[in-house]
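Q: So the protein sequences, as listed, match chains A and B. Residues 0 to 91 in numbering that gives the first Met the number 0 are what the first sequence spells out, letter by letter. Residues 0 to 693 in numbering that gives the first Met the number 0 are what the second sequence spells out, letter by letter.
Just so you know, the hints here were simulated from the structure itself, not pulled from any lab data. Hints are not guaranteed to be accurate.
Claimed, not checked - Cβ-to-Cβ under 7 angstroms is the rule here; a few derived chain A residues that face chain B:
1) Leu3
2) Pro7
3) His74
4) Ser78
Backbone N, C-alpha and C define an ideal beta-carbon position, used for all residues, glycine too.
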Amino acid sequence: MASLIHCPHCGVRPSQEFSIRGDASVVRPAPDAADEAWHEYVHLRSNPRGRHREHWHHVAGCRRWLVVERDTFTHDVFSVTDGAAVAREGGR
Amino acid sequence: MTAYRLGSGGVVDRSNTLSFKFDGRAMKGYAGETLASALLANDQLLVGRSFKYHRPRGIVTAGPSEPNALVAIGKGAATDPNTKATVAELYAGLDARSQNRWPSLKYDIGALNGLLSPFLSAGFYYKTFMWPAAFWEKVYEPLIRRAAGLGRAVLEHDPHSYEKCWAHCDLIVVGAGPTGLMAALTAGRVGLRVILADEDFRLGGSLLAETTRIDDRPAVDFAEACLAELRALPNITIMPRTTVFGWYDDNVFGALERVQKHVVAPQAKLPVERLWRIVAKRALLATGAEEGPLVFGGNDRPGVMMAGAMRTYANRFGVAAGRSVAIFTNGSAGYRTASDLSAHGVEVAAIIDSRDAPRDAAPAGVRVIPSASVIDTRGRQRVCGLVVERAGFEETIACDAIGMSGGWNPVIHLACQRGAKAVWSPELNTFLAPDIGNGLVVAGSAAGRYSLGGCLRDGAERAARIAGDLGFPSVGNPLPAVGDEVDPSFTALWYAPGAKAKAFVDFQNDVDVKDLGLALREGFGHVEHAKRYTTAGMATDQGKLSAINTTGLLAAMQGISPADVGTTTFRPFYTPVAFGALAGTARDERAAPVRKSPLYGWAEKNGAIFVDSGLWYRPAYFARHGEKTWRESTDREVVNVRQHVGLCDVSTLGKIEIFGPDAAEFLNRLYCNPQPAGRQGALRADAARGRNSL
Ligand SMILES: [Zn+2]
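So here's chain B without its partners, still in its complex pose:
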């Protein structure tokens, strides 16, 4: 056993035990946690296989950026493939299965692709196309298609129902962490109609895993007090389980509300998901910041995780990622995870720091190795150690989990979706939101103001300014007092030197440092080219973890600033949205208007089988008693028409009556087909063409 449930702690409901299944194995978790958290508590480190090399992969994050822990949830037609275990809310009876493995997660034949990896390097799709076409079609493509892939789409009719709604507000606050909560409170108190949306099932964001006290009480209690006040305000709409996925023209936001994704049997009277279009006079982006992974040899082995995610699992869910955890960091955040784990009684094997003279305080008795690099990890389907290199001296340190912390990147996707490019900040070593005017204001960590006190203040101040702009009283609130502040500083480390194994940049698409180097060498060094050539950032996680490192590496390889490399284009959707939700109620017979000819009722009474003809429903044949196939009915009808007479309903076609002595000649001049003159009572179908089309 390595990962395990802590004896106490976390904001899960330990009195409410939930039974669920993973790959058929019965497991138990608690209400209030995610599937990923419950899997970790059950020491299920291996959760999937990577796309290309089928390498064993484990949970990396505790949120929507997760590249690895994609599972299929549900049974039969109601299966949801490619669901991130890190955001899936645990419920009693949840049935999850791992993907992209055969015959089983533990023994996977596709892992042989790893041995073929010299042939599957960046751009291999394009290069193999140059081989004899027959070889590609018969050998390569079927092989690749079978081996590569994520979850399987369900081919059955989706039994779930969906709906679409519009909402209007003065202010939409995206994200209910410290910044968002303060903003919603400030705006709500002076009367703005506010929508507060958060993708999580429990609101509070980073406060749910925060150990710093606010107003001398736990941060979670502070969040709950804010929410209690917000719930009591009639002008506030709180939308949990709602991902704001897009920012569109005229400050219209697209959002997906997961109404019944967290229940085993959805009620028929409610939709499973609701697609919202929210018209907001103003918007405040309080989406926080994402910790960046470090690119080092063997960084994809199950058990290697974001340090901040380990902190979330311990503090919010009461789960330890391992019994003996090593931390690899380039900044203060790694030390924060180390001390939180230590406080929970988890052994910290060592802190490996890439910086030369870190001044951060490590927990008592924990060894700090500065100016060092992790060059490899040990273990097969789970990590059992790492290799540290310092000035040519290599040392193996035993551990059963590795937390990596590569600095902070604001979550600015929405702000960049309408064309403006993210701006490089040399001070913060990351990209910040561009200047996008008043409609959408970025605040808190999402604006690079990382401290807890700074987030609370920023949320309150910016919301007060928005209230003033909209003609509401712009009343400031007394700011809560924040306990010990932490230092968010870090020193950029795009690549941990000396890698002895593949150092992955994009986990889901198996892109490593060498692939980026190859792209650069072969003339595909532009960030948009490199993305397509290597497929970095093209997986279902859209490069949430990998994009900044891709840019940083391309810059470092060329000795230029990341500002000169830039980012790839941000586009909706922020996270994947099911087609069902986009279609809403417009599906099956409601997908298009139904048009019935005047004879429809008569035909229906006479047993017509209808066929769609454009929007019209026309009788294809009239089945009679005893006729088993369409052919039998049609044959009878054909014989009848030849011997007697038939009636065809063409009333659905357009009709123009033309009469007079020269009617036929007139038609002759209009049509390329000559019109037979003088044939009375004859019928002929022709195409008429307007200015634009047929």
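Extracted from the complex, chain A is given alone in its bound form:
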């Protein structure tokens, strides 16, 4: 995994300052969605080899939630964006 993460608020910081929550691409289903949809949302996660978007929390820094897009194989980091900005973009 990357040793350094470029936080949009704090600059280049060591990855040890962050805590990773997991897949940022899953979307919470509607409250009345089918059990299958909820099962998938709560329990099922893919483990991709390659590009992956994740929620990272800058615990030992600005404490903002970030979306980190990285390659799980080459360890390249493509982008780090504030979670709120991503949500706004997605109309959420």
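For this one, chain A is given, so just place chain B with the ligand on it according to the hints.
A: Only chain B with the ligand this time, still in chain A's reference frame:
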């Protein structure tokens, strides 16, 4: 007496005599040498026992690849087990003890394992598991556990302190030999922020043992002049006693600085070791090359040593490995050791050369035996001769030390730590670093450019290119003039044919040629399988000496190229790092955040004994005057609560207030336990579950 201190020579401080102890025996050495060098000077050839067969073992190398000379240094809680004597800097009052022997180094009962060796062959762990389980548990495992092993871990609290730091630079140069020094100078002169790190306590690398002159002065003086200029440059940070152990993503390097490992009483205000994380825009790997051992019968007897190590002991430390030294070589390097030893007045008994028509010049009067193989060594706890075989004719030659030289292998560990596999070079008969991009550049001997002049040029040129890439002026320097160049060529010899005794591949884990053959025969011929099946390369030296021979032998046994066998995976750490250094200051009460409830102060004032509950500190009981055990206090508290009332601080738990007419029914639907409706003022603890966990 065999090994001894030469009357002159070496870059040790002969005016500064240091007293130290080995296994309780008082010895003397000089400032500026390693423990191994001082042990040799005191003719202490036997320094340890091997892992499996408890065979007597001596010093093999003069550096971090040492498989045998592992000792415990220090006293009581401050003991460091498994320290390599070949890198441990000698200091006054150093107290070292040999390991893995009982009752003593000289008379060791575990050596009986050698007699059991037919039953302890490769894969014996796996095979004995198939025996009745009870037999394994009751007989075999305790026996093996007692007999096998290295140093003992200290169970007391580590009195030393450690710290962690970050550093940033334009260029990190790993290794301060000829390549590294030239690179640091070239980059430093044009203004790059350079970190020059070297694991040795004295910088200069191979220059410290070099007899070739540079700019018409001794190589050591050339190194000192380079260092003097580097020290005067404000943009250069020189880090001696610092091992760069890992290369991580984003060109971050891990390094361990031994701040106070070379003093008898460390100062409290300084850490003993410092763990560095170094962020470097560019890096230059100038780690040099390692001489490979030869695999021949009886090659593990104390007194058998790397020829290059003998040269280092003689030229750098002023110590002769023996009075009458035989050299077994497959290339020119063996002749270089022979002539250096000869120049120091050490007798060279013979040069045994595996090649058919060597053209190297031997010292005057020294017998050269070409097209020959060493098939056995004589002696018990130290070598007293070897058996040479040529075309079926066997001859015993008396000697008290044997130098072996099996060619050169670049030290490329760091370059292979991030997934790229080393590449076989048929021309150089070894593995070279893979193509790993611009972040880390391999130079000098580490890149297979073995000549001294080539190293100086490579270091300067590559550093100039890096400077240009980073936008600094890319100024070339006039290169120093190098005297007589030596020829680094050799002819691969994976196995010296006709072995009449065990021919070891991995000394520390007691793996010999037959073990590798067995692995191949039983279907574990893949290099990663063979490693695990035989444990070759799995010892604390991580196969620094044995890995290439393991690959070469597996290839030769199958009649294929080493390129098709490949190497096992390189991983950090390059050399072992103490847990203390990895923890840094995050230990004891600083290992995790401390959380105190609002009642903490009150409880403390009332004599609470606290217990860790997650990160919280909660009162376990309140001891009163006269109560001797926790049970007495707890019993009193229990009786009091039953008869009167108790107060429990659960403020550390999460709380959700739920109210309204259907609060109980709401909880009923959330929880699997039914909630008693209508019970006012009652308390009940329940678990709440979120999406991901409890
Ligand atoms: Zn931040």
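Q: Minimum Cβ distance from Leu3/A to chain B below 7 angstroms?
A: 4 angstroms, holds
Q: Checking hints one by one. Is Ser78/A an interface residue toward chain B, by the C-beta closer than 7 angstroms rule?
A: 15 angstroms, violated
Q: Should the hint that Pro7/A touches chain B count as held when the rule is a Cβ pair under 7 angstroms?
A: Since the shortest Cβ distance to chain B is 17 angstroms, the answer is violated.
Q: Interface hint check: His74/A, Cβ to nearest Cβ on chain B, cutoff 7 angstroms. Holds or violated?
A: 5 angstroms, holds
In terms of the numbered hints stated before, the structure departs from hints 2 and 4, listed from lowest to highest.
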